[in-house]
Amino acid sequence: MKRRNKERAFFLLFRGCAWVVALALIIIVGYIVVLGIGTISWEFLTQFPRKGFTEGGIFPAIVGTLYLVGLVMIIAVPIGVFTAIYVSEYQSKNWFGNLLRVVVNNLAGVPSIVYGLLGLGMLVFFVGWGFSLMASAFTLAFVVLPLVITASREAIQAVPSSLREASLALGATKWQTIRHHVLPYSLPGILTGVILSISRAAGETAPILMTGVVFLKFTLPQNVWDTFQAMPYLLFSLSTQTPYDKTQDFQWGTALVLLVMVVAMNLSAIIIRNRYREKYKW
Amino acid sequence: MKIMNGSIQVKDLNVWFDQNHALKGVTFSIPKNEITAIIGPSGCGKSTFIRCVNRMNDIVPKCRVEGQVIVNDKNIYDPDVDVVEIRRRIGMVFQKPNPFPKSIFENVAYAPRIHGREEPSAKEKGEMVVRKYSKKELENLVEASIKRAALWDEVKDRMNKSAYDLSGGQQQRLCIARTLAVNPEILLFDEPCSALDPIATAKIEDLLIDLKKDYTVVIVTHNMQQAARVADKTAFFYLGELVEFDETEKIFERPQEKLTEQYITGRMG
Numbered sequence: 001m002k003r004r005n006k007e008r009a010f011f012l013l014f015r016g017c018a019w020v021v022a023l024a025l026i027i028i029v030g031y032i033v034v035l036g037i038g039t040i041s042w043e044f045l046t047q048f049p050r051k052g053f054t055e056g057g058i059f060p061a062i063v064g065t066l067y068l069v070g071l072v073m074i075i076a077v078p079i080g081v082f083t084a085i086y087v088s089e090y091q092s093k094n095w096f097g098n099l100l101r102v103v104v105n106n107l108a109g110v111p112s113i114v115y116g117l118l119g120l121g122m123l124v125f126f127v128g129w130g131f132s133l134m135a136s137a138f139t140l141a142f143v144v145l146p147l148v149i150t151a152s153r154e155a156i157q158a159v160p161s162s163l164r165e166a167s168l169a170l171g172a173t174k175w176q177t178i179r180h181h182v183l184p185y186s187l188p189g190i191l192t193g194v195i196l197s198i199s200r201a202a203g204e205t206a207p208i209l210m211t212g213v214v215f216l217k218f219t220l221p222q223n224v225w226d227t228f229q230a231m232p233y234l235l236f237s238l239s240t241q242t243p244y245d246k247t248q249d250f251q252w253g254t255a256l257v258l259l260v261m262v263v264a265m266n267l268s269a270i271i272i273r274n275r276y277r278e279k280y281k282w
Numbered sequence: 001m002k003i004m005n006g007s008i009q010v011k012d013l014n015v016w017f018d019q020n021h022a023l024k025g026v027t028f029s030i031p032k033n034e035i036t037a038i039i040g041p042s043g044c045g046k047s048t049f050i051r052c053v054n055r056m057n058d059i060v061p062k063c064r065v066e067g068q069v070i071v072n073d074k075n076i077y078d079p080d081v082d083v084v085e086i087r088r089r090i091g092m093v094f095q096k097p098n099p100f101p102k103s104i105f106e107n108v109a110y111a112p113r114i115h116g117r118e119e120p121s122a123k124e125k126g127e128m129v130v131r132k133y134s135k136k137e138l139e140n141l142v143e144a145s146i147k148r149a150a151l152w153d154e155v156k157d158r159m160n161k162s163a164y165d166l167s168g169g170q171q172q173r174l175c176i177a178r179t180l181a182v183n184p185e186i187l188l189f190d191e192p193c194s195a196l197d198p199i200a201t202a203k204i205e206d207l208l209i210d211l212k213k214d215y216t217v218v219i220v221t222h223n224m225q226q227a228a229r230v231a232d233k234t235a236f237f238y239l240g241e242l243v244e245f246d247e248t249e250k251i252f253e254r255p256q257e258k259l260t261e262q263y264i265t266g267r268m269g
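Protein chains in written order, with the working numbering: chain A, 1 to 282; chain B, 1 to 269.
Among the hints, a few may not be true.
What the hints assert, rightly or not - Cross-link-like lysine-lysine pairs, in silico, PhoX-like; alpha carbons within 25 Å at most:
| id | chain 1 | residue 1 | chain 2 | residue 2 |
| --- | --- | --- | --- | --- |
| 1 | A | Lys174 | B | Lys132 |
| 2 | B | Lys24 | B | Lys250 |
| 3 | B | Lys62 | A | Lys174 |
| 4 | B | Lys74 | A | Lys174 |
| 5 | A | Lys174 | A | Lys279 |
| 6 | B | Lys161 | B | Lys203 |
| 7 | B | Lys96 | A | Lys174 |
| 8 | B | Lys147 | B | Lys213 |
| 9 | B | Lys203 | B | Lys213 |
| 10 | B | Lys32 | B | Lys74 |
| 11 | B | Lys136 | B | Lys161 |
| 12 | A | Lys279 | B | Lys156 |
| 13 | B | Lys147 | B | Lys132 |
| 14 | B | Lys203 | B | Lys156 |
| 15 | B | Lys96 | A | Lys279 |
| 16 | B | Lys161 | B | Lys135 |
| 17 | B | Lys62 | B | Lys24 |
| 18 | B | Lys212 | B | Lys32 |
| 19 | B | Lys212 | B | Lys147 |
| 20 | A | Lys279 | B | Lys161 |
| 21 | B | Lys147 | B | Lys135 |
| 22 | A | Lys279 | B | Lys135 |
| 23 | B | Lys11 | B | Lys62 |
| 24 | A | Lys246 | A | Lys51 |
Said to hold, decoys possible - Distance ranges between label pairs, derived from CB positions:
| id | chain 1 | residue 1 | chain 2 | residue 2 | range |
| --- | --- | --- | --- | --- | --- |
| 25 | B | Thr265 | A | Asn106 | 52 to 62 Å |
| 26 | A | Asn106 | B | Pro31 | 53 to 63 Å |
| 27 | B | Ala122 | A | Tyr90 | 38 to 48 Å |
| 28 | A | Val127 | B | Arg89 | 49 to 59 Å |
| 29 | A | Ala18 | B | Leu239 | 53 to 63 Å |
Treat the hints as calculated values from the structure; they're not laboratory data. All residues carry an ideal CB built from backbone N, CA and C; glycine is no exception.
Given only the sequences and the hints, what does the whole structure look like? Please build it.
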């Protein structure tokens, strides 16, 4: 009977842990939704803030985050995907390929505030871009690059080598093989990585904090050399620099918008992935 | 061993994988429009050999090839040779059926589409020009290729269905059709039936015999009965060396070498 009791105990332990995770998630999301939902209105999403963040909305922060994320993707996706192709299709075995693998794996572990300092020192001052959307986007691109590269590399390597051989044996060139087979078949995995990195970029605060984001600004960014507002930084500033009892509606509202945005992106990643998985099965 | 005139002449072919000497001084000549079987125990270099003939070993890291493989009076390992062109002219069918995860039609249409159609130039005599296939031409070519691979009746109603809905034997014949669509001169088969049941195997074997009218066929097999059934000539490889190469009948009934006899009679391998 002792063995059966042990069996039961471990089963309960595992189930307990799973429940703790589920409950924590439900509580966090529930809290934000309950406190934030009252603030959400058309006005909140489309207007500039007025009267010290007690009226109006967070339109410039939403737009700023969208601009930022868009720019990060334009920079990081081609570089990341092409690097992944190079590492897995062209230089898998030599010293440069190995070096790249080590570098990428370790870059993923560097704290984002370190990237922020790098962006400040290198892009803002040394290169001379100043505090700008461009400097922030490049800094964030460095943060998400390992994510894009790792996801793409794994997706590319999951394509069976027998399919590459089939294509090459038909007289296709290496590039044709990559273009017509490897990339389409690995697209779901690559897209998953891209969308996860979008949600990461949308939520990061530290790298943009030091390179271009501002709290108070009454215009949208005019071009990529302009400063901008962003939701995570707005939230940070509101909670540290304004009285909670005055701006709490704005804080919870901003948190909810950010949360919904990130969840929506992750959901779309899952949907896209499943759709392509249906299309290409082997 | 004397070198006959043939479709593929192999001269002193050596292959190394890193430090491992996988093929040692292989010299023989594969005749045109016949089926040549390569037999031998696992690890004897038969797959390595066949992958040298269309330079598929090029994609294996640390693989080094020395010697000559002469096809149409041209050594395919000469530096000025276009590997892509070699692989188009020398088709290969693999051990495990490997159709693309696309429709049946797209599987066969892929290679013609990327290579285009070669035809005599209207302006200059003797020159060839490459142009795109029209939709109709492509459909005809796909149909002809699938018919040639004895698969048409089984798939004609579902050309737009995924190739993965087919059975293993059908997939393998689709892979053959896909290879035929680029109009190669030589067909290489690397143990094409090892993943198939006896009925599917019989169909492929019938197809091979039918194909030799138009193509030079080389087949690697670990199934000696298969070699005896389909091959005109048989080469026996052992530990990276070509031990004996002769008419299939002679190899199986009056082998000259002791090693061959031991392998054929099942005392080794």
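If you draw a straight line from the CA of Lys279 (chain A) to the CA of Lys135 (chain B), is it 25 Å or shorter?
-> Given pair Lys279 (chain A), Lys135 (chain B) holds - Cα atoms ~24 Å apart, limit 25 Å.
CA of Lys74 (chain B) to CA of Lys174 (chain A), is that 25 Å or under?
-> 23 Å, holds
Given the hint that Lys96 (chain B) pairs with Lys279 (chain A), does the C-alpha gap stay at or below 25 Å?
-> 21 Å, holds
So does Ala122 (chain B) sit 38 to 48 Å from Tyr90 (chain A), Cβ to Cβ?
-> Holds - the Cβ-Cβ distance for Ala122 (chain B) and Tyr90 (chain A), about 40 Å, lies within 38 to 48 Å.
Taken at face value, is the distance from the CA of Lys213 (chain B) to the CA of Lys203 (chain B) at most 25 Å?
-> 17 Å, holds
Below or equal to 25 Å on CA atoms is what counts here, so check Lys212 (chain B) against Lys32 (chain B).
-> 9 Å, holds
Lys147 (chain B) and Lys213 (chain B): Cα distance at most 25 Å?
-> Answer holds: Lys147 (chain B) to Lys213 (chain B) is near 15 Å, not above 25 Å.
Holds or violated: Lys11 (chain B) to Lys62 (chain B), with C-alpha atoms at most 25 Å apart = It holds: about 22 Å lies between the C-alpha atoms, which stays within 25 Å.
Are the Cα atoms of Lys246 (chain A) and Lys51 (chain A) separated by 25 Å or less?
-> With a Cα-Cα distance of about 10 Å, the restraint between Lys246 (chain A) and Lys51 (chain A) holds, given a limit of 25 Å.
Could you say whether the range 49 to 59 Å given as a hint is met by the Cβ separation of Val127 (chain A) and Arg89 (chain B)?
-> 53 Å, holds
Restraint check for Lys147 (chain B) with Lys132 (chain B), where alpha carbons must lie at most 25 Å apart | 22 Å, holds
Proposed proximity, Lys161 (chain B) with Lys136 (chain B) (alpha carbon, max 25 Å) = Holds: Lys136 (chain B) and Lys161 (chain B) sit about 19 Å apart, inside 25 Å.
The structure fails none of the hints (numbered hints given earlier).
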